[in-house]
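Participant: Here are the chains, one letter per residue:
Protein chains: 2
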Amino acid sequence: MNGARAVIETLVASGVEVCFTNPGTSEMHFVAALDEVPEMRAVLGLFEGAVTGAADGYGRLAGHPAVTLLHLGPGLGNGIANLHNARRAHTPVVNIVGDHATTHLPFDPLLASDIESLARPVSAWFRKSTSAEALAADAAQAVAAAYGPPGGVATLVAPADLSWTEVGAPAPPVAPRAREVVTSNAVEATAKALRSEAPAALLLGGTAVREKGLVAARRVSQVTGAKLLCETFPSNLERGAGLPSVERLGYLAELAIGQLQGLRHLVLVDAAAPVSFFAYPNLPGYLVPDGCELHVLAGASDDASGALEALAEALGATARGGGFGVTDAAGGSGGENMQAAQRPERPSGALNTETAAAAIGALLPEGAIVSDEANTCGVFLPSATAAAPRHDWLCLTGGAIGQGIPVATGAAIACPDRKVLSLEADGSAMYTFQALWTQAREGLDVTTVVFNNGSYAILEWELSRVGAGTAGPKAKEMLELNSPDLDFVALARGMGVPATRATDAQELTAQLERALAEPGPALVEAVLRG
Amino acid sequence: MNGARAVIETLVASGVEVCFTNPGTSEMHFVAALDEVPEMRAVLGLFEGAVTGAADGYGRLAGHPAVTLLHLGPGLGNGIANLHNARRAHTPVVNIVGDHATTHLPFDPLLASDIESLARPVSAWFRKSTSAEALAADAAQAVAAAYGPPGGVATLVAPADLSWTEVGAPAPPVAPRAREVVTSNAVEATAKALRSEAPAALLLGGTAVREKGLVAARRVSQVTGAKLLCETFPSNLERGAGLPSVERLGYLAELAIGQLQGLRHLVLVDAAAPVSFFAYPNLPGYLVPDGCELHVLAGASDDASGALEALAEALGATARGGGFGVTDAAGGSGGENMQAAQRPERPSGALNTETAAAAIGALLPEGAIVSDEANTCGVFLPSATAAAPRHDWLCLTGGAIGQGIPVATGAAIACPDRKVLSLEADGSAMYTFQALWTQAREGLDVTTVVFNNGSYAILEWELSRVGAGTAGPKAKEMLELNSPDLDFVALARGMGVPATRATDAQELTAQLERALAEPGPALVEAVLRG
Numbered sequence: 001m002n003g004a005r006a007v008i009e010t011l012v013a014s015g016v017e018v019c020f021t022n023p024g025t026s027e028m029h030f031v032a033a034l035d036e037v038p039e040m041r042a043v044l045g046l047f048e049g050a051v052t053g054a055a056d057g058y059g060r061l062a063g064h065p066a067v068t069l070l071h072l073g074p075g076l077g078n079g080i081a082n083l084h085n086a087r088r089a090h091t092p093v094v095n096i097v098g099d100h101a102t103t104h105l106p107f108d109p110l111l112a113s114d115i116e117s118l119a120r121p122v123s124a125w126f127r128k129s130t131s132a133e134a135l136a137a138d139a140a141q142a143v144a145a146a147y148g149p150p151g152g153v154a155t156l157v158a159p160a161d162l163s164w165t166e167v168g169a170p171a172p173p174v175a176p177r178a179r180e181v182v183t184s185n186a187v188e189a190t191a192k193a194l195r196s197e198a199p200a201a202l203l204l205g206g207t208a209v210r211e212k213g214l215v216a217a218r219r220v221s222q223v224t225g226a227k228l229l230c231e232t233f234p235s236n237l238e239r240g241a242g243l244p245s246v247e248r249l250g251y252l253a254e255l256a257i258g259q260l261q262g263l264r265h266l267v268l269v270d271a272a273a274p275v276s277f278f279a280y281p282n283l284p285g286y287l288v289p290d291g292c293e294l295h296v297l298a299g300a301s302d303d304a305s306g307a308l309e310a311l312a313e314a315l316g317a318t319a320r321g322g323g324f325g326v327t328d329a330a331g332g333s334g335g336e337n338m339q340a341a342q343r344p345e346r347p348s349g350a351l352n353t354e355t356a357a358a359a360i361g362a363l364l365p366e367g368a369i370v371s372d373e374a375n376t377c378g379v380f381l382p383s384a385t386a387a388a389p390r391h392d393w394l395c396l397t398g399g400a401i402g403q404g405i406p407v408a409t410g411a412a413i414a415c416p417d418r419k420v421l422s423l424e425a426d427g428s429a430m431y432t433f434q435a436l437w438t439q440a441r442e443g444l445d446v447t448t449v450v451f452n453n454g455s456y457a458i459l460e461w462e463l464s465r466v467g468a469g470t471a472g473p474k475a476k477e478m479l480e481l482n483s484p485d486l487d488f489v490a491l492a493r494g495m496g497v498p499a500t501r502a503t504d505a506q507e508l509t510a511q512l513e514r515a516l517a518e519p520g521p522a523l524v525e526a527v528l529r530g
Numbered sequence: 001m002n003g004a005r006a007v008i009e010t011l012v013a014s015g016v017e018v019c020f021t022n023p024g025t026s027e028m029h030f031v032a033a034l035d036e037v038p039e040m041r042a043v044l045g046l047f048e049g050a051v052t053g054a055a056d057g058y059g060r061l062a063g064h065p066a067v068t069l070l071h072l073g074p075g076l077g078n079g080i081a082n083l084h085n086a087r088r089a090h091t092p093v094v095n096i097v098g099d100h101a102t103t104h105l106p107f108d109p110l111l112a113s114d115i116e117s118l119a120r121p122v123s124a125w126f127r128k129s130t131s132a133e134a135l136a137a138d139a140a141q142a143v144a145a146a147y148g149p150p151g152g153v154a155t156l157v158a159p160a161d162l163s164w165t166e167v168g169a170p171a172p173p174v175a176p177r178a179r180e181v182v183t184s185n186a187v188e189a190t191a192k193a194l195r196s197e198a199p200a201a202l203l204l205g206g207t208a209v210r211e212k213g214l215v216a217a218r219r220v221s222q223v224t225g226a227k228l229l230c231e232t233f234p235s236n237l238e239r240g241a242g243l244p245s246v247e248r249l250g251y252l253a254e255l256a257i258g259q260l261q262g263l264r265h266l267v268l269v270d271a272a273a274p275v276s277f278f279a280y281p282n283l284p285g286y287l288v289p290d291g292c293e294l295h296v297l298a299g300a301s302d303d304a305s306g307a308l309e310a311l312a313e314a315l316g317a318t319a320r321g322g323g324f325g326v327t328d329a330a331g332g333s334g335g336e337n338m339q340a341a342q343r344p345e346r347p348s349g350a351l352n353t354e355t356a357a358a359a360i361g362a363l364l365p366e367g368a369i370v371s372d373e374a375n376t377c378g379v380f381l382p383s384a385t386a387a388a389p390r391h392d393w394l395c396l397t398g399g400a401i402g403q404g405i406p407v408a409t410g411a412a413i414a415c416p417d418r419k420v421l422s423l424e425a426d427g428s429a430m431y432t433f434q435a436l437w438t439q440a441r442e443g444l445d446v447t448t449v450v451f452n453n454g455s456y457a458i459l460e461w462e463l464s465r466v467g468a469g470t471a472g473p474k475a476k477e478m479l480e481l482n483s484p485d486l487d488f489v490a491l492a493r494g495m496g497v498p499a500t501r502a503t504d505a506q507e508l509t510a511q512l513e514r515a516l517a518e519p520g521p522a523l524v525e526a527v528l529r530g
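Chains as they are written, first to last, in our numbering: chain A, 1 to 530; chain C, 1 to 530.
Don't read these hints as lab results, they were simulated from the structure. It should be emphasised that the depicted structure is a prediction, and the values quoted were computed from it without experimental measurement. Just so you know, not all the hints are guaranteed correct.
Claimed, not checked - Once the Cα atoms are required to be at most 25 Å apart in a straight line, the calculated SDA-like pairs of lysine to any residue come out as:
| id | chain 1 | residue 1 | chain 2 | residue 2 |
| --- | --- | --- | --- | --- |
| 1 | A | 474 | C | 212 |
| 2 | A | 476 | C | 116 |
| 3 | A | 212 | A | 365 |
| 4 | C | 128 | A | 467 |
| 5 | C | 474 | A | 17 |
| 6 | A | 212 | A | 128 |
| 7 | A | 128 | C | 13 |
| 8 | A | 476 | C | 39 |
| 9 | A | 212 | A | 172 |
| 10 | C | 474 | A | 476 |
| 11 | A | 474 | C | 415 |
| 12 | C | 474 | A | 496 |
| 13 | A | 476 | C | 35 |
| 14 | A | 476 | C | 476 |
| 15 | C | 474 | A | 365 |
| 16 | A | 192 | A | 288 |
| 17 | C | 476 | A | 496 |
| 18 | C | 128 | C | 177 |
| 19 | A | 192 | A | 177 |
| 20 | A | 474 | C | 13 |
| 21 | A | 474 | C | 257 |
| 22 | A | 227 | A | 172 |
| 23 | C | 474 | A | 35 |
| 24 | C | 128 | C | 193 |
| 25 | C | 476 | A | 36 |
| 26 | C | 476 | A | 192 |
| 27 | A | 474 | C | 116 |
| 28 | C | 192 | C | 212 |
| 29 | A | 128 | A | 172 |
| 30 | A | 476 | C | 172 |
| 31 | A | 128 | C | 12 |
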C-alpha cells in the first residue's frame with residue numbers, strides 16, 4: 001500500500017471515521033485511498049471554512065476527532081477561522097494538509113507557502129512528515145495529540161511524494177493520555193474557601209458544563225450557596241428541563257461585571273478568569289472584582305467533572321435532587337437551580353428578536369443540538385429556551401464568525417438521530433454559507449434559521465461602546481447589509497436546500513414547525529426588519 | 001485627531017484612495033474615521049476573501065495599493081488565500097489588521113491569536129505598531145513597502161488602543177523605491193547569447209507582459225528569431241489585436257516541456273525558471289531542458305520593460321512594426337507575432353468549452369479586463385480571444401482558487417470606465433461567491449460567466465496524472481459538484497445580481513451580449529453538462 005492508504009487505515013484503527021475535505025492535486029492519493037478503506041466516510045465541503053467548521057462540530061458531539069484533508073497553505077488558510085474556534089473549544093480535530101512533493105518544494109512552485117507558520121497559531125500539535133515510513137505513525141500521533149487533554153487541533157503536513165510512495169503497513173494507534181485527576185489538596189483548598197460565608201461562585205467551562213459536571217456543581221451550590229456561572233461561549237452546554245441551570249457570563253462587560261459584583265471567591269472549573277471580549281476605553285478588561293479570590297479547581301487538562309464530584313463529597317453534599325420531578329429540598333439562593341420544564345407560548349404578532357426566540361423555545365425538540373451564531377439576534381434565546389426539553393447548546397467559542405452552519409453540519413453527521421437547529425445571524429451566515437450544500441448532499445437533518453436584520457447590528461452597538469462616537473453615513477454603510485437586501489431563500493435554494501421566508505411571528509412558528517417535522521435540511525429566513 | 005484618523009489621512013496623502021473592508025470591533029475607530037476623511041472610499045465585502053481579492057484586483061489595474069481593514073487573526077485568516085495570490089502577483093496591497101488593545105492582549109481574550117505568524121507567509125513587509133505616535137508613520141512605511149519593488153503585501157497590525165489614542169497629526173508619505181535599472185553587463189550578456197544561432201526564447205513575466213515590454217520583446221524576437229513565451233499565470237497580460245502576441249507556458253508540464261524543447265538559451269525577464277505546477281511521479285518538476293542555458297535579464301525588482309528596450313537597442317533592433325495594420329517585414333519564426341484583429345464566429349449548437357470560448361471571443365469588448373478563473377473550462381479561451389480587441393487578462397497567480405470574482409470586483413473599482421468580464425469555474429466560484437454582493441452594492445460593471453460542469457474537473461485530470469489510478473465511487477464523489485446541482489442563477493439573485501442561464505451556444509451568446517451591453521453587474525450561468 002502507499003503512504004496515503006497507510007494513513008487512512010491508521011486513522012480508522014485510531015477511531016477516526018469521518019473525513020471532511022476539499023482536496024486538491026496534492027491530496028489525490030488520499031482521495032483514491034478512500035475507496036480502499038470503506039470504514040472512512042468522506043464528506044465534501046465547497047470551501048475549507050465549511051470543512052474545518054464541520055470537523056469542529058463533529059468533534060464537539062462525537063468526543064473523538066474527524067480528520068480534514070486540506071490543500072496546501074491556501075486551503076489551510078481558508079480553514080483557519082474555524083480552526084481558531086475549534087482551538088478555543090478544545091475540540092479534537094486532525095488536519096492533514098497536503099503539500100508539494102519534497103523534491104518539488106525547493107523550486108518554490110506557485111502554490112508553495114510557509115504552511116507551518118499558518119498552522120501554528122491554531123494547532124496544539126504540528127508536524128511535517130519527513131519520510132513515507134513515518135507518515136502513518138505521524139498520523140497516529142496526530143490523533144493522540146488531538147485528544148489532548150485538553151482536546152485540540154493537530155495538524156500533519158503530508159508532502160505528496162510521501163503519500164504516493166509504497167510503505168509496508170499502517171501504524172498502530174497511539175493511546176491518548178487520560179485527563180488528570182485533581183489532587184485532594186486542590187479540592188480541599190476550594191472546599192475551605194466555599195465553607196466560608198463569603199459570597200462565592202463557581203465558573204464552569206469546557207467539559208464541566210456537561211451533565212455530570214453540572215449535577216455535581218449543583219450539589220456544591222446546594223450546600224454552600226455558591227452561584228453557578230459558566231463561561232460566555234461554552235463549546236457544548238448541556239441544558240434544559242431536568243438539568244441544573246447555570247447562568248452564562250454576559251458578552252457585554254457591563255453585564256458580566258454585574259454578575260460578578262460582590263464575590264469574594266471565584267472557583268474556576270475548566271474556565272479562564274473572566275475578561276471582557278474586547279477592551280473598551282472606559283471599562284476594565286479583567287473582570288474579577290477587587291477583593292475576590294480566585295481558586296483553580298480544575299484546568300483544561302483535568303477531569304473537571306470528577307473534581308466537582310470530589311468537591312461535593314468534600315463539602316458533604318449528598319446526591320440530593322436531580323432528574324425530572326424531584327423536589328429540591330436544599331436551601332440557599334444557589335440551591336433552587338434544577339430546571340423545571342416550561343415552554344414559552346407560541347408567539348404571534350411582529351417578528352422581532354423576542355418573538356423569534358419564543359418561537360424557538362416553543363418548538364425546540366427534545367435532544368436537539370443547537371448551533372448558536374445568532375449573535376445580537378439571539379439575546380432572548382437563552383431565557384426562551386432555558387426550560388425547553390433537554391438539548392445541547394454550541395457557542396461561538398473563538399468569536400470568529402462563520403462557525404454556525406459548518407458546526408451544525410458536523411454535529412448532524414456525528415448525531416444522525418438528533419435534530420440540529422442552526423441559528424444564524426445574517427452577517428455571520430454569509431461567511432460560510434457554502435456548508436448548506438453539504439447538508440443537502442448528505443441529507444442532514446438540520447433546520448437553519450437565518451435572522452435577517454439587514455445589518456452587522458453588533459457593530460452598531462460596538463461603535464459607540466468603544467467611544468468611536470455616532471456613525472456617520474460612511475461608517476453606517478459599513479455596518480449595513482441591506483443594499484442590496486440578501487435573499488436567503490434564493491441562496492439556500494441555489495444550494496439545494498428548501499427554504500421559506502417568515503415575516504411575522506406566526507409564520508416563523510409555522511415554518512419552523514414544518515421544517516423540524518421533516519427530515520433533511522431546511523432553511524427559514526426570519527425577517528426582523530420593521 | 002486619534003490614531004485611526006491619522007492613519008487614514010496618511011494613507012490618502014500617500015495616494016491610497018480605496019479601503020476594502022469587513023471590519024469588527026477592534027477596527028471601529030477606523031470605520032468612524034472614514035467619515036472624517038472624504039477622500040477615502042470605503043467598500044464593504046461580506047467575507048475577507050472577497051476583501052483581499054478585491055484589493056489584489058484593484059492593485060493589478062491601478063498600479064497603486066488599496067488598503068484592507070481586517071478583523072484580528074481570524075479576519076486575516078479568511079483573507080489569506082487571496083493574499084497568497086496577491087503575493088505571487090506582486091500586487092501592492094496594504095493590510096491594516098486591528099488587534100486587541102495592548103493592555104488587553106495579555107489576558108488572552110477569545111479572539112486573540114498569533115497574527116504575525118498568520119501574516120508572515122503572505123506579507124513582504126510586516127509590522128505591529130507599538131505606540132499611537134508611530135501608527136501613522138508605520139502606515140506610510142507600509143504603503144512604500146507595498147510598492148516594493150517588486151510590489152507586495154504589507155501588513156500592519158494596529159492594536160485598538162493605539163487607534164483610539166489622540167495623536168498630533170498624520171505622517172508624511174514615504175517615497176517608494178524606484179525599480180532597478182538593469183546593468184549594461186546583464187543586457188550585453190543576454191544579447192551575446194541571442195546573437196548566437198542557437199534556438200532561444202524570452203520568458204516574460206510580471207511587468208514585462210504589459211505593452212511596453214511586449215513591444216520591446218517583439219523587436220528582440222524580430223532580429224534574433226527568439227521565441228516569445230510568458231509565464232503560465234501572469235498577473236496582468238496585455239493582449240489582443242495590435243499588441244505583440246506571446247505564448248503562455250502550459251499549465252500541464254507535458255505541454256510546457258514541448259514548448260521549451262530544443263531551446264539552448266532561455267532568457268528570464270521578470271519570470272522564474274519554469275517548474276511544473278505540481279510534481280508528478282513520472283515527470284520532471286524543473287522544466288528547463290538539459291543543455292539550455294538560463295539568462296536572467298531582469299528580476300522582479302528591476303525595470304523589466306526598460307531592460308527589454310535596452311536589449312533591443314543592443315541587438316540593433318529598430319522600432320519596426322507595431323500598431324494596427326503595420327506590415328511586419330522581419331524574417332524569422334519569431335518575427336510574425338503582431339496580433340491581427342479577428343474574432344471567432346458567433347457559435348451555435350451545443351454549449352461546451354469550445355463554443356463557450358467562441359462566444360466570449362466573438363463579444364469581448366475593446367478595453368475589457370478579463371478576470372480568468374475558468375480553469376479547465378477555459379482551455380479554449382486563449383486562442384478564441386487572442387485576436388479580439390485589446391484587453392487585459394488577469395490570471396490565477398498563486399493557484400489559490402476563489403480569486404476570480406473578488407479580483408473582478410477590485411478591477412472594476414480601479415477602472416470604472418472599462419468593462420470587466422469575470423470567467424469562473426463552478427468550483428472556484430463557490431469559494432468567494434460573496435463578492436457578487438459587493439458588485440451589486442457598488443453598481444460595478446462586471447459580467448460574470450460561471451461555467452457549470454458540475455465537477456472539479458481539474459481534479460479528474462489530476463487524479464490519473466499523479467498516478468493515483470482511476471477514481472472509485474467515493475473518490476469520484478469528492479470531485480463532483482452535481483449532487484445537488486448548484487443553481488448559480490438563484491445564488492446570484494440572492495445577492496442582488498441579475499442572472500440568466502444558458503444551455504446552448506446561441507443562448508450564451510445572446511445572454512452575454514445583453515449582459516455586456518447593460519451597465520452594472522450581471523451573471524450568466526453557462527451549463528456545460530451533456
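Participant: Would you mind marking each hint as holding or not holding in the structure?
Facilitator: Structure-based check of each hint:
no.: 1; hint: A:474 - C:212; verdict: violated (40 Å)
no.: 2; hint: A:476 - C:116; verdict: violated (30 Å)
no.: 3; hint: A:212 - A:365; verdict: holds (22 Å)
no.: 4; hint: C:128 - A:467; verdict: holds (23 Å)
no.: 5; hint: C:474 - A:17; verdict: holds (14 Å)
no.: 6; hint: A:212 - A:128; verdict: violated (38 Å)
no.: 7; hint: A:128 - C:13; verdict: violated (45 Å)
no.: 8; hint: A:476 - C:39; verdict: holds (17 Å)
no.: 9; hint: A:212 - A:172; verdict: violated (32 Å)
no.: 10; hint: C:474 - A:476; verdict: violated (48 Å)
no.: 11; hint: A:474 - C:415; verdict: holds (22 Å)
no.: 12; hint: C:474 - A:496; verdict: holds (21 Å)
no.: 13; hint: A:476 - C:35; verdict: holds (9 Å)
no.: 14; hint: A:476 - C:476; verdict: violated (47 Å)
no.: 15; hint: C:474 - A:365; verdict: violated (34 Å)
no.: 16; hint: A:192 - A:288; verdict: holds (20 Å)
no.: 17; hint: C:476 - A:496; verdict: holds (20 Å)
no.: 18; hint: C:128 - C:177; verdict: holds (22 Å)
no.: 19; hint: A:192 - A:177; verdict: violated (30 Å)
no.: 20; hint: A:474 - C:13; verdict: holds (19 Å)
no.: 21; hint: A:474 - C:257; verdict: violated (53 Å)
no.: 22; hint: A:227 - A:172; verdict: violated (46 Å)
no.: 23; hint: C:474 - A:35; verdict: holds (6 Å)
no.: 24; hint: C:128 - C:193; verdict: violated (47 Å)
no.: 25; hint: C:476 - A:36; verdict: holds (13 Å)
no.: 26; hint: C:476 - A:192; verdict: violated (62 Å)
no.: 27; hint: A:474 - C:116; verdict: violated (30 Å)
no.: 28; hint: C:192 - C:212; verdict: holds (23 Å)
no.: 29; hint: A:128 - A:172; verdict: holds (19 Å)
no.: 30; hint: A:476 - C:172; verdict: violated (29 Å)
no.: 31; hint: A:128 - C:12; verdict: violated (43 Å)
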